[in-house]
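Asks: Here are the chains, one letter per residue:
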Amino acid sequence: MLTFPNKFKESLEDFTKFSENLKKGVENLVSLDELSAGFDDGRESCGSCKNCRKCCTEKELVFRDGKRTLYRYSQRSKKVCSVPVLMVYAMVNRYTMLDLQPNRSMIRNLLDQGQDLYLIDWGYTDRMDRFMTMEDYIDGFINDCVDFIREQHQIEAINLLGVCQGGTFSAIYAALYPEKVKNFIPIVTPIDFDPKDSLLNVWASEFDADLMVDAYGNVPGDMMNNAYMMLQPFTLSVNKYVNMVQIMEDADKLADFLRMEAWIFDSPDQPGETLRQFLKDLYQGNKLVKGEFILGGRKVNLKNITMPVLNIYADFDTLVPPASSKALLGHIGSSDTQELTYPVGHIGMFVSGKTQKTLAPKIAEWINARI
Amino acid sequence: MHDFIKQQTDWLKTWQESQESLTKQYAGLSEEWTKNILGGKKKEPDFFEGWFKSQGDLEEQFREFGQRMNEMISNVWSNKIPTDMLKYMNTSFIEEYYKNWLSNIELPGGIKNPLGMDGGWQQTTNFLRSYLEKENPFFSSFSNAKITEQMSRLFGMLQGTLGNEGTAFSDITRNYQNMFSKLFDSTTAQSSEKLAEGFDVWVKEIGKQLSAPKLGINRELAHDISQALVLSQDYAKTYVKMTRLVESTSRKAGIRFQTKLSEAAINKKPVNKFADFCALWAAENEAVFLEVMSTQEFAKLQGDYVDAGHRLKIQWNKLAEKALEPTPIALKRDLDLAIAEIHQMKRDLRTFRREMQAVQKEVLLARGAQAAAEEDAEKAKLAVKTAEAAAQEELQKAKALVKAAEVAAREELKKAKEAVQAAELAALDEAKKAKAAEAAVLEMAQRVTADTKTIKTAPRTTTKTKSKNV
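One line per chain: the protein sequences are Z and W, in this order.
Start counting the first sequence at 0; every next residue gets the next number (numbering that gives the first Met the number 0).
Start counting the second sequence at 0; every next residue gets the next number (numbering that gives the first Met the number 0).
In isolation and in its complexed conformation, chain Z is listed as follows (with noise of 0.2 Å):
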């Protein structure tokens, strides 16, 4: 008759766990003394991250142009694509989502596949970044290190590899450059943006870019995480600390998580003038898709974009709907064009373990059977 007693002996058992948890987690906490790539082998950090204490793999700056930087992985196969993978992230966050750590490396994957790879390292934009534009970075420094590659492999044309913004970037290039892009490969890459199934579209059609520029410089990057973080605000700012409480008791699970975080936060400021026409031309204007984006005064025309294109996208991603990266292809002038789709959000993409052992071999795949 007394449901009372059994109830509460349950929630107090429940509620024993979770404290015990919770003491678990502390003595972690303190323990675990430094938040490293979860990969220990001596080498030193590389620099190029403030949160990672330790690469998680090898590799070698071979090019710079003041904070931006070029790095070339260390081969981890015997036989070797051909024609490098230049991989561009995008300027929110970091790079080191794609080797987070030995398990969740997408980098490492492609590695282990035969792929040689270079990536884009944009760096942490500062002041004297305010007025760098999307023609700074795009024809400047992207264009700089695929002339880069081509010169040191002497070959005619790179495979380009986009993740997010950097997809956006890389598609911009390979119209206006696409002698020099042999395979195209976007990943969560926005290009339309008017669905309106994401907040952030309907958000940024509605407040004034230009007043947002000139009040900041830089925009924070703490002001972007935000934004992204009101996407799923009780979910991203409670639920997922109250979940950590669980996994607290395991070291090893409370420092993926601990990793995950640290990226999570590591948000670069966003320079001002490239900030001002991404949201103004594209996020307001939709101007890609309509064939009237201007960079450099050159008219980009995705029509160009003729070279063999494999466009990945998630599912369930909230930060770019599949609906915008889908759009692509109905804009580009290539007969050659592959979807791959996974049933993931925008980073699972790059760590859950479903994408970890499939993504990496269907992109070498794709590629290998177009060199």
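Quick caveat, the hints were computed from the structure, so don't treat them as lab data.
We put the beta carbon where it would ideally sit given N, CA and C, even for glycine.
Careful: at least some of the hints might be erroneous.
Pairs of lysine-lysine, DSS-like flavour, derived with a Cα cap of 27 Å [as the list claims (entries may be wrong)]:
1) W:K345 - Z:K66
2) Z:K23 - W:K272
3) W:K272 - Z:K22
4) Z:K181 - Z:K195
5) Z:K239 - W:K259
Here are some chain W residues the structure puts well away from chain Z; computed CB gaps all over 12 Å [stated by the list, open to error]:
6) R349
7) Q391
8) L400
9) K413
Assemble the complex: chain Z is given as a structure, and chain W must be docked to it using the hints.
Replies: Below, chain W alone, put in the same frame as chain Z:
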């Protein structure tokens, strides 16, 4: 560090023991209370006092735990993880949860919230308000610094450079700050609205004073301050609108959450586990808020709010520049100008570098072409020489051949002459022989004639002769 770890571990052990003992005590009291309710017995006031105390002790226990957790995380991790992450790892929610957990334990007879607990965590307003101004720069448009802190810095600078501490102008700036602080520290939309109205009245009044000469500020500064006040009014108005929307949405979300909790209790599946409780709270609130936040109307309001904040920030930046003008500190606009120039120079340099590379390429190509032409010329010369040599050789060979042929011809001629001579000699010889033969034949013929004459005169006899072909 070792001592610190030991200290914390000991404290956690003590805390856990205490928590178990207090919870059991509370459970015992609750069980007794339930039995009495069902048995219709009245309870002495002392019992309730003990029950409330027990509950209060538990709450205190959890509050302390939350605080201690924060302290520990800060001490141990502040130099290892980003500040923003620490901000969100605010464990004080444990204390909030506990209150709700207690209030939502299912009791027999369908009694809910037996202790009359309300407010707290199921009301999302407080949580969301932190997004509006204090923590979340996306809404506040003031980055990671509170708007009131920025004000304080700005007017501190202004007063520092103007040196007018204690004057009528400093009173104005102080009141300005106080009113804004109150506005953003208010806990309800209603009080925010009242304060915004009060601010409007104050601005009107101050507008008159700003132009008065006794204020001791120049006309330009008075104009800039006046402009900042107007923009502050706009900002406050949109802020009030936003808090009103957040509050009403929060109320709706709170009701939905409570309804779900009640439904679960009625269905004999009370949400008592901490993780389940949090998941439900987050899911229900998020569903309600996202429904509102995905509308164009919300985007418009947010846009107005953010834009108003940016306009005010730009005006304050301008005021800050004015404050710094008399000082030797480099102004933002000067730095921006310098940075823009450096940037342009870098771009020019890049263009120049690319042009140089193109020219270098052309030069290389031209050099290559020249080298190829020179090589071809050399080759041609060589070929001519070789051809000449070959021709010479051929000539020599031809001469030699001619000589040889001459020699051979001479030889042949000589041989021919000799052959002719030999033939002539042979012919002569043969002719001689023939003459001799002829003579012999004649002689023979003469003899024959003579013989015939003889025969004709002598008896006939047959004679056979053999002739030789000469």
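Asks: If a hint holds in the structure, say so; if it doesn't, say that too.
Replies: Going down the list of hints, with the structure as the test:
Pair hint W:K345 plus Z:K66 holds up; C-alpha atoms about 13 Å apart against a cutoff of 27 Å. Of the supplied pair hints, the one linking Z:K23 and W:K272 holds, its CA atoms being roughly 19 Å apart against a limit of 27 Å. A C-alpha spacing of about 18 Å is found between W:K272 and Z:K22, which places the hinted pair at or below 27 Å, so the restraint holds. Taking the CA atoms of Z:K181 and Z:K195, the gap is about 33 Å. The hint is violated against a cut of 27 Å.
Taking the CA atoms of Z:K239 and W:K259, the gap is near 21 Å; set against the 27 Å cutoff, the hint holds. In this structure W:R349 is not separated from chain Z by more than 12 Å, as the shortest Cβ-Cβ distance comes to only about 6 Å. For W:Q391, the condition that its CB be more than 12 Å from all CB atoms of chain Z holds, with the nearest at approximately 47 Å. With 12 Å as the threshold on Cβ separation, the claim that W:L400 sits away from chain Z holds: the shortest Cβ distance comes to roughly 56 Å.
Taking the minimum C-beta to C-beta distance to chain Z, about 75 Å, the non-interface status of W:K413 holds against the 12 Å cut.
When held up to the earlier numbered hints, the structure conflicts with 4 and 6 and fits the remainder.
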